[in-house]
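Protein chains in written order, with this note's numbering: chain P, 529 to 1208; chain S, 2 to 192.
Worth flagging that the hints you see were computed from the coordinates, not collected in a lab.
These numbers were taken from a predicted model, which means no experiment stands behind them.
Each hint should be verified, as a subset may be incorrect.
Said to hold, decoys possible - Below, computed lysine-lysine pairings styled on DSS-like, alpha-carbon distance capped at 25 Å:
#: 1; chain 1: S; residue 1: Lys185; chain 2: S; residue 2: Lys160
#: 2; chain 1: S; residue 1: Lys124; chain 2: P; residue 2: Lys604
#: 3; chain 1: S; residue 1: Lys159; chain 2: S; residue 2: Lys95
#: 4; chain 1: P; residue 1: Lys1001; chain 2: P; residue 2: Lys1065
#: 5; chain 1: S; residue 1: Lys160; chain 2: P; residue 2: Lys867
#: 6; chain 1: P; residue 1: Lys581; chain 2: S; residue 2: Lys160
#: 7; chain 1: S; residue 1: Lys124; chain 2: P; residue 2: Lys581
#: 8; chain 1: P; residue 1: Lys1135; chain 2: P; residue 2: Lys1065
#: 9; chain 1: S; residue 1: Lys119; chain 2: P; residue 2: Lys1080
#: 10; chain 1: S; residue 1: Lys119; chain 2: P; residue 2: Lys955
#: 11; chain 1: P; residue 1: Lys955; chain 2: P; residue 2: Lys819
#: 12; chain 1: P; residue 1: Lys1080; chain 2: P; residue 2: Lys604
#: 13; chain 1: S; residue 1: Lys185; chain 2: P; residue 2: Lys604
#: 14; chain 1: P; residue 1: Lys851; chain 2: P; residue 2: Lys1001
#: 15; chain 1: P; residue 1: Lys581; chain 2: S; residue 2: Lys119
#: 16; chain 1: P; residue 1: Lys819; chain 2: P; residue 2: Lys867
#: 17; chain 1: P; residue 1: Lys1080; chain 2: S; residue 2: Lys160
#: 18; chain 1: S; residue 1: Lys159; chain 2: P; residue 2: Lys1080
#: 19; chain 1: P; residue 1: Lys1039; chain 2: P; residue 2: Lys1065
#: 20; chain 1: S; residue 1: Lys159; chain 2: P; residue 2: Lys581
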Amino acid sequence: MIFGLKNKSSERKHFASFQYMTIPMSLLLICSIAHANESDLAAMSIEDLMDIKVTSVSKKPQSLSNSAAAIFVITKEDIQQSGSTSIPEVLRMVPGLSVARIDANKWAISSRGFNSRFADKLLVLIDGRSVYNPLYSGVYWNAQDTVLEDIERIEVIRGPGATVWGANAVNGVINIITKHAADTLGGLAVGGGGTEEHAFATGRYGATIADGIYGRFYAKGNNRDSSDLVSGGDAGDAWTTYRSGFHVDGTLSSANSFTVQGDIYNNDIDQSVEIADLMPPYMALDDSGAKSSGGNIQLAWTRYLAGNSELNIQLYYDRTNRKEIVAEEETDTLNFELKHHFAIGFEHDIIWGMHYRYISDQLNNNFHLTVAPERSELTLFSFFVQDEYSIIEDELFLTVGSKFEHNDYTGYEIQPSARILWNPEDKHIAWGAISRAVRTPSRFEQNSTINLFVSPPASQNNPLPIPFLWGLKGNEEIDSQVLIAYEAGYRYIPNTTISFDTAIFYNDYNKLRTAPSESSCNGLYAETYVKFSNGGKGNTHGLELAVVWQAKSSLKIDFVYSLIYEDLPDILDLVASESPTNQLSLMANWQLTDTLAFDFWGRYVDKVCALYLRSTDYAYQVDDYFTVDLQVTYNPFQDLELALVGQNLLEKNHEESVQEFYILPATVARSVYMKATYRF
Amino acid sequence: MTGKTAAIFRLLVSKWNFAVLLFSLCTVWGDLTVSAANTSEYKVKAAFVLNFALFTEWPEQSFSSETAPIIVCVLGDRALTQAFESINGKKVGKRILQVTTTPPHDARSSCHIIFFGKNVYTKIVLRTLTSVRKNPVLTIGEKDTFIDLGGAIHFFMKKGRLRFGVNTTVIEEQNLRLSSRLLKIAVLTSD
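Take the sequences, apply the hints, and build the full model.
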């Protein structure tokens, strides 16, 4: 009995070890067969080559950048596979970025910390046009859009990009680049709708205008449903957007190319805003909504000079209007940029440029927001130069440069950086950088009075017999916030199917914007203002990891992890919320057959302590969440694509962020939509 | 619901040791099964390009001597440029093929063949094509729009096999001659 058992198990063992041996051996065999075939290819006749069956590589290659910065590129395929319907939602896949939806039409997006609706340390460009609002140095994300199918790629640089990009590029730069018009020839029609994405439609047509000149024209509209309040009930934040634009690209001769493009848009945004009044009922909800509209026109011209030298000129005009109960503004921006890129010998790759920006704005003062003067004109002028010096050819590079900028508030600012990149062999890239960047004051921080709350007489928070007013006040003495950033990164590409990209950072901030209180009483009402100043010091540090794995030719997996610790002054002092400590994103794209694809997107976002001025201790806890999006795409024939998308499927709704004031806490709902895309 | 899913998720994260093992095993497996197939598309294309060189006639003045090499400039990502190493130094009559992967400073005078990978930005494709227009350079591309952009030879897939289209007008303009053996198996277009 015992003998028999023993015998059996040893037999099994033997069989097992044989099995372990055969797998690698057979794999080796397969590989060597493949290898033999490939080395014979060059000896084959062209007729024989035509008979070889090949596997097409249609997915994105592991083309990790050779730049000494923490860069992440969202490709057009990533955008399609995300199932997202807006630019902010697409950005959730980027390491180091924090994207939180406040309500149906508002987002808080920031890079490496300081997340809030009014996040102010991020530069966002669409085809080189800056879209952050100069009044508060933040971005109205609901006004930024284009045809998602026409986006070539979105480059996101975490960390200071101030040397080349300049103003506001303190913690990051988001660079949205649309396709060359030669890549959008023909028609595109997109239509669909669902539970949250009520209805949307896009039409685009591209054509060859003349030999070497291509153009496209588009129009699109979205109607989106309102969200639910955390306290229950409808948040009253549905919105409708329309936008239209054109893009012309041309190559005139071998030495010149140009781009002319423009857009116009109009947004109708519903919102419930909690506003203050010195008369009863003191605090009330206003449902008059927001209207935002605008347009831009841009001209870019590139001249290619001898010796791989390139001269680039860009000129744009942008107009933004925004009208809501708490603010009425009109902003005109005129921007001119010149860049010259050339090489000296084989060692030096130099880029220098000049930049001039003129901003004129007009505000209509009211009780909620007073800005003095109501109308202002600001100019910004800058010069930058950067040299990429190749110490060892193709292996060791040192990049040094600086931006010299002049603005009307703080005068001259210097923003230098030094970066080193080491590429010992194809598979490994290591880099490190030290840079200084500043965030110059915004108009609101300089000369505004924002009245936010009034406590009724003899109420819980106000024992006085008169109303108590609370608000924010600008400070003409405010200075720039200063960052010294230390960064390092490592990229590892073991083979063509997998790549790792990590970055660590330590950001040291000085003169951070803080808001100490100042009180006074005039007999009719008492008031407390927090007045912006530069009292803050602190640091943030963390790491980011991005893994791209082409597991099979039909299965691609993207994994992203972000970690950040914020050692900063209190959220109330900073007037900004915390960012989530841990964030994870896992995307999988599975091409089941030639006509059927399946996408999975899971995201985990840590809890955050947000600033919410209406809560008793000003802090508002947003729980961590884990959510999943799914997409099924079916191509019944080549030019038609049908997609069924489910977003935030795990829960009926969840919270992601809260706005500091004005807006009641709202949730993000589970949703489903259908989409048809037809190309002709 | 939130707490529960998050807890499960945290548990999964805590098992990272196992995940790393699984991941690295899969990586090895992925490497062995995928990269062989992936490289072959480009290696087959490289072999095609070797044949194109054999069946193309350049004007005499585009070479400095009778034995001067045929310069093949390859624009594209790593997988593509690596595959073209396999035809570097191959003999084409009295000449040899010399593959260069750095973007040419002046494509007009230095390249005889330019291969554009599918991920090369259209702006760069157009700029390079315009700069070599009416010069004896054989341009080969993978983009669907390559012929429309003014390219000479365009690769495409049909039933898992490689096919190529030739724009005869561009070939004539570039002052090149393709052998009839090549034209017989190509899909021909002209402006």
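> Hints broken by the structure, by number, lowest first?
Replying inline: As far as the earlier hints go, 3, 5, 7, 11, 13 and 16 are violated by this structure, in ascending order.
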